Amino acid sequence: KQSVGQANDGMDIALTVWDKANKKLHFAGAMNPCFVVRGEQLIELEANRRGIGGVAEENYPFSSQSIDLENGDMVYLFSDGYKDQFGGPKGKKFMISRFKKLLISVSEKEA
Numbered sequence: 048k049q050s051v052g053q054a055n056d057g058m059d060i061a062l063t064v065w066d067k068a069n070k071k072l073h074f075a076g077a078m079n080p081c082f083v084v085r086g087e088q089l090i091e092l093e094a095n096r097r098g099i100g101g102v103a104e105e106n107y108p109f110s111s112q113s114i115d116l117e118n119g120d121m122v123y124l125f126s127d128g129y130k131d132q133f134g135g136p137k138g139k140k141f142m143i144s145r146f147k148k149l150l151i152s153v154s155e156k157e158a
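If you use my numbering, the sequence shown corresponds to residues 48 to 158, in order.
Calculated directly from the structure, the hints in this document are not laboratory data.
In silico PhoX-like cross-links for lysine-lysine, where the CA-CA straight-line distance does not exceed 25 angstroms: (1) Lys-156 to Lys-71; (2) Lys-156 to Lys-67; (3) Lys-130 to Lys-140; (4) Lys-148 to Lys-130.
Just so we're clear, the structure is a prediction, and the values are computed from it rather than from any experiment.
From just these sequences and the hints, can you work out the full model?
Have a look at this one:
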């Protein structure tokens with residue numbers, strides 16, 4: 048934790064632990080969610096709406112979630128850089144809704 052007056056640098060993070068033997072994914076996130084694509088369905092494991100570090104509250108209780116994975120599931124961790132980029136003919140942000148559709152479409156392809 049930084050004291051007031053120093054740089055207020057924090058960090059966004061998505062952290063997973065994969066229990067391969069039990070096909071279970073454990074997730075905790077600070078501002079960055081985790082997406083699991085199962086067929087045509089996108090399952091969002093939500094992150095806490097707060098970064099880590101900086102001058103944030105020291106004992107903030109971050110939550111964690113678990114999901115049972117199935118054969119063929121695709122797990123995606125990412126930063127905000129992809130969905131927040133500008134482009135296309137009108138120079139608009141890509142946005143999270145288009146990003147989700149993109150992940151569903153690419154998850155069908157061979158890894």
